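Heads up: the sequence lines are chains B and C, in that order.
Under the numbering used here, the first residue of the first sequence is numbered 1, with each subsequent residue one higher.
Under the numbering used here, the first residue of the second sequence is numbered 219, with each subsequent residue one higher.
No wet-lab data here; the hints were simulated from the structure.
Quantities reported herein were computed from a predicted structural model and do not represent experimental measurements.
Be a bit skeptical, because a hint or two may be false.
[Claimed, not checked] Mimicking DSS-like on lysine-lysine, the simulated pairs with C-alpha atoms at most 27 Å apart in a straight line are:
no.: 1; chain 1: B; residue 1: K56; chain 2: B; residue 2: K129
no.: 2; chain 1: B; residue 1: K136; chain 2: B; residue 2: K154
no.: 3; chain 1: B; residue 1: K56; chain 2: C; residue 2: K252
no.: 4; chain 1: B; residue 1: K155; chain 2: C; residue 2: K403
no.: 5; chain 1: B; residue 1: K129; chain 2: B; residue 2: K201
no.: 6; chain 1: B; residue 1: K154; chain 2: B; residue 2: K129
no.: 7; chain 1: B; residue 1: K136; chain 2: B; residue 2: K155
no.: 8; chain 1: B; residue 1: K14; chain 2: B; residue 2: K56
no.: 9; chain 1: B; residue 1: K129; chain 2: C; residue 2: K252
no.: 10; chain 1: C; residue 1: K252; chain 2: B; residue 2: K154
no.: 11; chain 1: B; residue 1: K56; chain 2: B; residue 2: K155
no.: 12; chain 1: C; residue 1: K308; chain 2: C; residue 2: K403
no.: 13; chain 1: B; residue 1: K56; chain 2: B; residue 2: K201
no.: 14; chain 1: B; residue 1: K136; chain 2: C; residue 2: K403
no.: 15; chain 1: C; residue 1: K291; chain 2: C; residue 2: K308
[Said to hold, decoys possible] The calculated label-pair distances, taken between Cβ atoms and stated as ranges, are:
no.: 16; chain 1: B; residue 1: G22; chain 2: C; residue 2: D249; range: 28 to 38 Å
no.: 17; chain 1: C; residue 1: I227; chain 2: B; residue 2: Q192; range: 36 to 46 Å
no.: 18; chain 1: B; residue 1: F125; chain 2: C; residue 2: N220; range: 37 to 47 Å
no.: 19; chain 1: C; residue 1: K342; chain 2: B; residue 2: L194; range: 44 to 54 Å
no.: 20; chain 1: B; residue 1: S208; chain 2: C; residue 2: I227; range: 47 to 57 Å
no.: 21; chain 1: B; residue 1: L210; chain 2: C; residue 2: R278; range: 45 to 55 Å
no.: 22; chain 1: B; residue 1: E162; chain 2: C; residue 2: T267; range: 46 to 56 Å
no.: 23; chain 1: C; residue 1: D249; chain 2: B; residue 2: V4; range: 46 to 56 Å
no.: 24; chain 1: C; residue 1: G234; chain 2: B; residue 2: L21; range: 42 to 52 Å
no.: 25; chain 1: B; residue 1: E162; chain 2: C; residue 2: R278; range: 17 to 27 Å
no.: 26; chain 1: C; residue 1: D319; chain 2: B; residue 2: L210; range: 28 to 38 Å
C-beta atoms are modelled at their ideal positions from N, C-alpha and C, and glycine is treated no differently.
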Amino acid sequence: MAQVFHRSINWVAKFSIIAILGLVGGLFSVLLNINRLDYVSGVGVARDQPVPFSHKHHVTGMGLDCRYCHTSVETSAFAGIPPVETCMTCHSLIWTEAPLLEPVRAAFRDDVPLQWTRVHDLPDFVYFKHNIHVSKGIGCTTCHGAVDQMPLMKKAETLNMEWCLSCHRNPAQFIRPRDRVFDVNWTPPADQELRGQQLVKDYNVRVSQLTDCSVCHL
Amino acid sequence: MNRALMHVIQLMVLCGALLVSGCDLRQRMYDQPKYEAHEATTFFDNGLTSRGPIEGTIARGQLRLDAHLFTGKVNGELATVLPPSIPFGKDLLERGHERFDIYCSPCHGRTGEGNGMIVQRGLKQPPSFHEARLREAAIGHYFEVMTNGFGAMYSYASRVPVEDRWAIAAYVRALQFSQRADFDKLPAQDQGQLP
Chain B
1 MAQVFHRSIN
11 WVAKFSIIAI
21 LGLVGGLFSV
31 LLNINRLDYV
41 SGVGVARDQP
51 VPFSHKHHVT
61 GMGLDCRYCH
71 TSVETSAFAG
81 IPPVETCMTC
91 HSLIWTEAPL
101 LEPVRAAFRD
111 DVPLQWTRVH
121 DLPDFVYFKH
131 NIHVSKGIGC
141 TTCHGAVDQM
151 PLMKKAETLN
161 MEWCLSCHRN
171 PAQFIRPRDR
181 VFDVNWTPPA
191 DQELRGQQLV
201 KDYNVRVSQL
211 TDCSVCHL
Chain C
219 MNRALMHVIQ
229 LMVLCGALLV
239 SGCDLRQRMY
249 DQPKYEAHEA
259 TTFFDNGLTS
269 RGPIEGTIAR
279 GQLRLDAHLF
289 TGKVNGELAT
299 VLPPSIPFGK
309 DLLERGHERF
319 DIYCSPCHGR
329 TGEGNGMIVQ
339 RGLKQPPSFH
349 EARLREAAIG
359 HYFEVMTNGF
369 GAMYSYASRV
379 PVEDRWAIAA
389 YVRALQFSQR
399 ADFDKLPAQD
409 QGQLP
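Just chain B, same shape as in the assembly (with noise of 0.2 Å):
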């Protein structure tokens, strides 16, 4: 049988094959990658909610405290989403008849609960604490970024595995004092790492078990 291909074809041969392994790898790494995709992970993307929170105004406009609203931030794993009773307590008597609002008066007047989407959502095989976090000096703006100045809430961060490690590797770079955690005003002082040092030792944070897949995974 006469040879199909010419000789000088081979070259072909090996490119494609070199070819293939690339495609692969390049494949392989976009996979490992697209978690890390800000479309994908959601960050700095607003979702659709039933009144258009804005925490810029409440927090920075009116000065006031997480806790305000987020009630079992300090004592449970959950943070807290106000009741609509929360929101009525001054939208009884302030901006009464602003239609935006509407939704919130409605969910009072007929008792029913407002239905936010969550912007923040970690798999269900992912145990977070607030708790532990706001009593070891981790702030809020820390891990949800200028709350302060959104005026609908957005994810700062992406949430991912990678990203809790990296503080759970070295707190120290993060860690602040515990009655500076509600502030949203703090950022990180020149000496941090040595501060956060002593910190970490002060609060006892127990960081050569911090990543022992049990304590995020149980």
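Let chain B serve as the given structure and place chain C on it in line with the hints.
The following block gives chain C in isolation, referenced to the frame of chain B:
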């Protein structure tokens, strides 16, 4: 040759099936049948997963027998002292200070004059804690107002636990005292700081 091809195709179909079911399994692991806090459900009529206590039942440790502690009243009269189970001290006042700033200062202001940020935005102005009537009111009155609300003010019972409500009441007393403190009784270093 043909059999080899068949094997390859079978293998590819198997891999594909695994990949697809893997995605599905992964999705099911991400959103498991268990409910997270406040998740919506179709199981109960009102759509809530959080269940309240059944009417007429009392959870262990929730039988509120101590009227002084839980209602701010002794024999039906507003209490004039803290309940015995709330020890008075610096810790209590510091706790009260922190909680007052979180839950009360938006309307009543940090000093209790009734000129908080929300009032400046147009909310009905509450009375100043430094007027004679409120200075003379029993401490139980403050507890009662926080627990049941007062006029236009809503109840804070669901947001501020009982112990913290007493701490706030004690702190309001301290605020009232601070506005009328006797200058001569201040330590020398504090006297120097006043204009």
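Where does the structure disagree with the numbered hints, that is, which hint numbers, in rising order? Hints 3, 4, 8, 13, 14, 17, 21, 22, 24, 25 are the ones this structure does not satisfy, whereas the remaining hints hold.
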